[in-house]
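Required output: the full structure, derived from the provided sequences and hints.
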Amino acid sequence: MIAVSVGVATAILYLALLFALASWGDRQADRGQSVIDHPLIYTLSLAVYFTAWTFFGSVGLAQGAGIAFLPIYLGPTIVALLFPVLLARMLRIARAYGITSIADFIAARYGKSSLLGGLVTSVAMIGIVPYVSLQLKAVASSVDALFGPSVSHTLAGWGPDTALLVTLLLALFSILFGTRHIDATEHHQGMVLAIAFESVVKLATFLAVGAFVTWGLYDGIGDLVVRLEAIGRTELLTFAGTGMTYLDWFAHTLLAALAFVALPRQFQVAVIENVDPDHVRTASWLFPLYTLVINVFVLPVAIAGVLSGVSGDMTMVRLPLAEGFPLIAFLAFVGGLSAATAMVIVETIAISTMISNDLVMPVLLRIERLRLARRPDLTGLVLAIRRLSIFGILLAGYAFFHLVAEQFQLVSIGLISFAAVAQFAPLILFALYWREASRAGAVAGLLAGFAIWLYTLVVPAFALAGWLDPQILEAGPFDIALLRPQALFGLEGLAPVTHAVLWSLGTNLVVFVTVSLLSRRSDLERLQGMLYVDVDQAERSTRLWRGETRVAALKELLVRFLGQEATAALFAREERRRGHRLEAGDRADAELVQLAERQLARAIGAASARIVVGSVVRGEVIGPDALLEILDETSQAIEASQRLEQKSRELERLAAELREANERLRQLDQLKDDFIATVSHELRTPLTAIRSFSEILLDNPDLPQEERQRFVEIIVHETERLTRLIDDVLDLSRIESGRMEWQVTECDLRAIVEDAIRRCEGLFREHGIEVTADFGVSRAPVRCDRDRIVQVLLNLFSNAAKFVPAGQGRIHIELRNLGTDYLVRVEDNGPGVPKEMREAIFEKFRQVTSALTDKPRGSGLGLAICREIVQHFRGRIWCEESRLGGAAICFTLLQAAAAAEAEPRRRVA
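When you read off a place in the sequence shown, starting at 1, and then add 1, the result is the number in the numbering used here.
These are calculated hints, taken from the structure and not from any lab test.
Where is the CB? At the ideal position from N, CA and C, for every residue including glycine.
Certain hints may be false.
Straight line, CA to CA, 20 Å or less: simulated SDA-like cross-link-like pairs of lysine to any residue [said to hold, decoys possible]:
#, residue 1, residue 2
1, K556, R578
2, K803, E767
3, K556, E576
4, K803, A841
5, K113, Y434
6, K803, R884
7, K803, R826
8, K113, S520
9, K556, D590
10, K113, A657
11, K803, P832
Computed Cβ-Cβ distance ranges for the label pairs, DEER-style [to be verified]:
#, residue 1, residue 2, range
12, R578, A662, 32 to 42 Å
13, Q872, T283, 52 to 62 Å
14, A212, I13, 21 to 31 Å
15, A662, S695, 47 to 57 Å
16, A567, S24, 44 to 54 Å
In structure tokens:
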């Protein structure tokens with residue numbers, strides 16, 4: 002038996018290795034060196050499909066049902082062979098329109114519907130919970146199988162049970178792994194590299210364990226078959242031994258194929274993380290080969306388990322243990338852990354991105370009271386949503402594991418999730434190939450299919466687990482036999498999964514098609530349908546033109562639909578590319594005809610474009626039906642084009658704003674890292690001094706009194722420094738979270754300024770700074786929190802004192818009446834602040850830099866706190882050039898009379 006400490010240490014070291022590998026991959030990507038730009042890496046990342054279900058569950062299923070495990074892998078193999086057609090098309094669309102998730106892909110096709118995006122996210126979030134619970138069950142069961150009964154006692158001091166510890170560990174690792182960056186459109190190259198490595202690990206360990214069982218415990222596959230015949234269990238090698246009908250086989254294969262297309266994690270690695278579309282061609286044959294190899298030992302290991310009397314999902318671990326080979330069992334445990342962590346990482350990252358982008362943030366941004374759109378920094382909020390989402394998904398998986406999953410085999414749990422995400426498949430396939438598919442049809446179909454899934458699979462699972470009345474399965478709700486969840490409307494005699502797949506997908510398809518045909522599509526839906534369905538139309542059209550026409554005819558045609566300016570610009574670009582002028586009388590070649598058709602397709606649709614271009618190409622015949630189609634489609638397209646032009650301008654403006662915001666978020670993320678490093682240093686420095694001098698005092702009781710006094714003063718000074726830093730962090734946290742208590746009264750701003758100057762007299766005297774003040778008013782009544790405004794002034798004075806020349810410093814303080822505001826100005830003769838930094842210094846992660854040392858001084862929080870306090874009282878704070886040659890920090894506060902009309906709401910904790 003392996004020691005628990007060895008297993009725990011190995012698991013942690015393995016996860017740390019993955020994290021280090023991902024970090025290295027990200028660093029290489031930051032340097033412009035892609036570590037995943039290879040078809041082998043891409044194919045291995047697709048192997049995230051093979052989870053603990055494959056590693057443990059397939060063997061457990063094969064022991065009782067023989068080759069019944071194969072449909073789950075036949076489906077993806079068939080889809081992989083279609084990669085050059087299906088996946089390549091999805092990649093072109095995703096690259097063209099900046100798709101970030103499967104929810105985004107679906108929502109963008111159906112009129113960029115936020116409702117549909119949120120619905121897809123909700124279904125994925127609920128549907129994937131059983132799949133997550135499968136991974137937790139597999140890892141927890143393998144831990145118990147490997148370490149034996151003593152594990153419960155050993156782990157008792159760490160947590161309630163093994164599954165909870167696995168949940169927390171995977172949650173922590175997934176959060177560290179997947180929420181380091183906020184930009185959802187970027188490639189997670191480090192993550193993909195780590196997933197590819199895990200695919201190698203799980204394949205190698207499965208093959209190693211399988212080879213050991215086949216040739217180490219027995220004399221090969223032939224020996225296993227002979228022994229199986231001896232005990233009369235050869236049905237495991239035949240279709241009859243599966244206990245499945247042909248309909249069951251077809252349903253499971255179809256379900257796996259659709260799930261392979263629609264699983265959020267598969268979409269993430271196959272589409273979002275793809276760096277080169279050419280990799281798809283290699284993956285189309287290499288992925289089926291990987292599938293074949295990883296399944297080659299499933300039956301031999303299952304047969305060996307039957308022969309040895311070892312059964313169940315944990316046969317891969319228990320069989321080597323039973324035969325006295327704990328290291329082989331440990332190898333199986335590592336492979337299963339690798340398979341489970343890969344799935345959990347990618348799935349939770351994909352779904353957490355969907356939750357933040359398509360579910361939570363759209364709702365929060367619509368709540369006016371939160372004023373999120375006005376906040377300069379939403380990085381922390383978005384990352385917090387994603388981290389909480391990951392934690393919530395894993396906790397939901399843990400709850401499902403305890404409530405339901407303990408009663409079922411791993412394969413049964415996985416099929417529940419497959420049936421849920423398969424509801425996305427009609428939306429995806431119709432998005433790619435049916436232009437008439439509508440948003441209303443997609444919403445209605447998805448809701449109908451998901452409702453049937455809940456009723457036919459989830460309700461029976463809870464009933465069998467004892468959480469619902471089992472009688473509902475036999476008699477139906479309210480004794481209505483037609484509503485029995487596993488024999489809905491009298492459809493009896495089917496396996497539960499087959500029954501649920503036929504009803505849910507069938508209902509989804511029928512409702513989707515019916516509502517799409519009966520509903521009216523918006524202009525944006527028509528446009529998006531055209532862009533998705535005809536994404537590669539231009540690539541195929543060149544070879545279809547056999548007629549001929551002149552350049553003048555094409556120009557005249559384009560002017561009618563695109564306008565003179567756009568047509569002239571198009572031909573100017575084409576002439577520059579060709580290197581010669583296109584004269585009006587020249588014959589238009591097939592390439593130019595294709596260009597004209599492609600441009601027209603963007604304005605009036607591909608079908609209309611082809612017919613219209615055909616009208617000016619001699620040799621092409623246009624009948625009455627074609628002319629009617631032109632009139633109908635063109636009238637719709639012209640109206641859509643007018644709307645599109647307006648939307649395009651809005652999109653260009655929004656795209657520019659998004660690019661600017663994205664760059665700002667990237668900079669703030671870097672500033673946050675710098676800030677954390679600085680605060681860590683600031684905390685460590687005084688703590689080190691306090692500890693060092695305290696140890697000196699402790700170890701040297703005979704020190705002279707003067708030395709003791711000096712050391713104590715240093716300790717006190719460093720303690721005060723540490724306290725100030727902690728106070729700054731707490732103040733900023735309270736202000737930003739709205740928990741700050743403001744003691745607002747009417748105060749004299751002149752008296753506050755004079756008080757702050759008196760408090761800093763010792764500081765000014767110590768540094769030899771000449772201080773002058775100019776008060777333009779005898780009294781300056783304002784409504785504010787006196788202590789907080791004093792805090793602002795002390796911060797400004799201390800900042801000025803830091804940067805003035807030693808022994809020659811000058812600080813001038815001014816108070817002026819501006820009508821409705823009072824102005825306070827603090828200027829110095831230091832090195833000043835460059836123009837490009839005058840806004841940035843008030844950001845909470847910025848630090849003022851000395852021109853003499855070029856090193857940050859302070860924690861970077863002081864001016865950020867000043868800005869928050871001043872803005873709370875309807876004031877403004879800024880930096881400008883000082884008349885003394887340095888920097889001048891100015892701020893305004895409303896006069897008491899004006900403040901009474903615009904009293905800020907008092908925020909309390």
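Structure-based check of all given hints:
Between K556 and R578 the alpha-carbon distance is near 17 Å, which keeps this suggested pair within the 20 Å criterion. Of the pairs offered as hints, the one joining K803 and E767 holds, with about 12 Å between alpha carbons and a cut-off of 20 Å not exceeded. The suggested pairing of K556 with E576 holds, with an alpha-carbon distance near 13 Å, which does not exceed 20 Å. Between K803 and A841 the alpha-carbon distance is near 19 Å, which keeps this suggested pair within the 20 Å criterion.
For the proposed pair K113 and Y434, the alpha carbon gap of about 17 Å is at most 20 Å, so the pair holds. Proximity of K803 to R884 is assessed by CA-CA distance (about 18 Å); at most 20 Å being required, the pair is judged to hold. Simply put, K803 and R826 have alpha-carbon atoms about 17 Å apart, close enough for the 20 Å limit, and the pair holds. Of the pairs offered as hints, the one joining K113 and S520 holds, with about 17 Å between alpha carbons and a cut-off of 20 Å not exceeded.
Annotation: proposed proximity of K556 to D590 holds, straight-line Cα distance about 13 Å (limit 20 Å). A threshold of 20 Å between alpha carbons decides the hint, and for K113 with A657 the separation of about 19 Å falls inside it, so the pair holds. The suggested pairing of K803 with P832 holds, with an alpha-carbon distance near 11 Å, which does not exceed 20 Å. Between R578 and A662 the beta carbons are some 35 Å apart, a value that agrees with the proposed interval 32 to 42 Å.
The beta-carbon spacing between Q872 and T283, approximately 56 Å, falls within the hinted interval of 52 to 62 Å. Here the CB-CB span from A212 to I13 is close to 28 Å, well matched to the stated 21 to 31 Å. Taking 47 to 57 Å as the suggested C-beta distance range, the pair A662 and S695 conforms, at roughly 48 Å. Between A567 and S24 the C-beta distance comes to about 48 Å, which sits within the given range of 44 to 54 Å.
Hint compliance for this structure: every hint is met.
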